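2 protein chains.
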Amino acid sequence: MSGTLYGVGLGPGAPDLMTLRAARLIESARVIAYPALAGGDSFARAIAADLIAPDATEIVMDVPMTTAREPAQKAYDKGASDIAAALDSGCDVVCLCEGDPFFYGSFMYVFARLADRYDVQVVPGVTSITACAARAGRPLVARNERLTVLPGPLPEDELRARIEGAESVAIMKVGRHLPKIRAVIDGLGLTEFATYVERASLPQEVVLPLVDAPENAPYFSMILLTKGADPWL
Amino acid sequence: MSGTLYGVGLGPGAPDLMTLRAARLIESARVIAYPALAGGDSFARAIAADLIAPDATEIVMDVPMTTAREPAQKAYDKGASDIAAALDSGCDVVCLCEGDPFFYGSFMYVFARLADRYDVQVVPGVTSITACAARAGRPLVARNERLTVLPGPLPEDELRARIEGAESVAIMKVGRHLPKIRAVIDGLGLTEFATYVERASLPQEVVLPLVDAPENAPYFSMILLTKGADPWL
Numbered sequence: 000m001s002g003t004l005y006g007v008g009l010g011p012g013a014p015d016l017m018t019l020r021a022a023r024l025i026e027s028a029r030v031i032a033y034p035a036l037a038g039g040d041s042f043a044r045a046i047a048a049d050l051i052a053p054d055a056t057e058i059v060m061d062v063p064m065t066t067a068r069e070p071a072q073k074a075y076d077k078g079a080s081d082i083a084a085a086l087d088s089g090c091d092v093v094c095l096c097e098g099d100p101f102f103y104g105s106f107m108y109v110f111a112r113l114a115d116r117y118d119v120q121v122v123p124g125v126t127s128i129t130a131c132a133a134r135a136g137r138p139l140v141a142r143n144e145r146l147t148v149l150p151g152p153l154p155e156d157e158l159r160a161r162i163e164g165a166e167s168v169a170i171m172k173v174g175r176h177l178p179k180i181r182a183v184i185d186g187l188g189l190t191e192f193a194t195y196v197e198r199a200s201l202p203q204e205v206v207l208p209l210v211d212a213p214e215n216a217p218y219f220s221m222i223l224l225t226k227g228a229d230p231w232l
Numbered sequence: 000m001s002g003t004l005y006g007v008g009l010g011p012g013a014p015d016l017m018t019l020r021a022a023r024l025i026e027s028a029r030v031i032a033y034p035a036l037a038g039g040d041s042f043a044r045a046i047a048a049d050l051i052a053p054d055a056t057e058i059v060m061d062v063p064m065t066t067a068r069e070p071a072q073k074a075y076d077k078g079a080s081d082i083a084a085a086l087d088s089g090c091d092v093v094c095l096c097e098g099d100p101f102f103y104g105s106f107m108y109v110f111a112r113l114a115d116r117y118d119v120q121v122v123p124g125v126t127s128i129t130a131c132a133a134r135a136g137r138p139l140v141a142r143n144e145r146l147t148v149l150p151g152p153l154p155e156d157e158l159r160a161r162i163e164g165a166e167s168v169a170i171m172k173v174g175r176h177l178p179k180i181r182a183v184i185d186g187l188g189l190t191e192f193a194t195y196v197e198r199a200s201l202p203q204e205v206v207l208p209l210v211d212a213p214e215n216a217p218y219f220s221m222i223l224l225t226k227g228a229d230p231w232l
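Protein chains in written order, with numbering that gives the first Met the number 0: chain S, 0 to 232; chain Z, 0 to 232.
Okay, chain S solo, but in the shape it has when bound:
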């Protein structure tokens, strides 16, 4: 009998924003897998660190930081292969994932490689979007409002077109794309509705009106545009 693979969302970063189910699975896991920046730290492991048993087996997927796909593909091929070996031996495997596994989560790359052969259970997590909104004190959508989620790396023209017709917007993965995104939002006259959030829920968290945002944003940063959100009923 093969083991079960659990893809576990950890939430935005504060350890107590993981779910009770995630915590229970991590505490009892004999085999834990997670991505790490090649040669560096794993944010996912850091979130869960206090819950991981000292004698658990750890499968580290060293994912290179590059826009080229092939090196990352190889890292997930290797990770999936190591996870499959553990599952084949009858062990369950808990695969850690920042945020939510199916919302820009790294677990999707493991899922794509193993879901047709093994029992896979996905545990949803708090996304960075609602974590940022909570910290910014900015309601996202009420009643019949629409929400558009856009990745910051999209081309400028597409960002402009998608933001122009939208109500509430969350722009993910801002990072080095901040100047481009800022120009689009300024050009549309929407800066007054824009909030910048980095590392939501962590001690280093920053929440600022977009006009006061720093020049250099980390990968884990977001812009919320809540011109449409009307929380009054």
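Read the hints as simulated data drawn from the structure, not as lab findings.
Predicted, not measured: the structure shown is a model, and the values here were computed from it.
A portion of the hints provided could be inaccurate.
Note that identical chains are pooled: a pair holds if it fits in a single copy or bridges any two copies.
What the hints assert, rightly or not - Below, computed lysine-lysine pairings styled on DSS-like, alpha-carbon distance capped at 30 Å:
id, residue 1, residue 2
1, Lys179, Lys226
2, Lys172, Lys226
3, Lys179, Lys77
Starting from the known structure of chain S, arrange chain Z on it as the hints suggest.
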């Protein structure tokens, strides 16, 4: 010294999909507030029931089920007034909210009435969107993909226009709008990409291809359209 108001997201329904922070706040709360269907049950209270202290004071906001706004407004006026009285007496108040407070959450209506006068802390929760995707085994968005969130009550023409230009789509609050939404998706030739989910994470959960969805859907149902989602890297 006034107390602090906590707006606490409970997640999609399974009690163990609430966060550790939510559970800790609820367990220690002396005053709990939540919405209920007028004269009926409170889904929010049911999710948290096992954690509420027997001697906690409970503020129930009886919200009538009607499309007219005024009766619901009065219920939230009364609830906010009761909560304010508890805060004024120095008590903290934990206000329960299904899903996430700022993502179509009932807490927004309390927030709008009290946030300018009291210290308010919002605890994000797992949204129904990622809970449904997890149960359906359907990754939502990867890399530079876009996600559009639409409420089912939107007019047919607007639904069609918003779905046509989108990648991944989540349609919330399907309920009695199912026939309209189904016609739109069929007309766009997208039915093969559509999954119907009701009461995700609860014992009565239903997950079906849209083509097999029932004629009558409950309010807590959703359609996921994941034609764009490519989880392979």
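Here is what the structure says about each hint:
When the C-alpha separation of Lys179 and Lys226 is checked against a cutoff of 30 Å, the pair qualifies both within a copy, at 20 Å, and between copies, at 28 Å. In this homomeric assembly, Lys172 and Lys226 come within 30 Å of each other (Cα to Cα) both inside a single copy, at 20 Å, and across copies, at 22 Å. Proximity of Lys179 and Lys77 under a CA criterion of 30 Å is satisfied in neither setting, with 36 Å inside one chain copy and 46 Å between copies.
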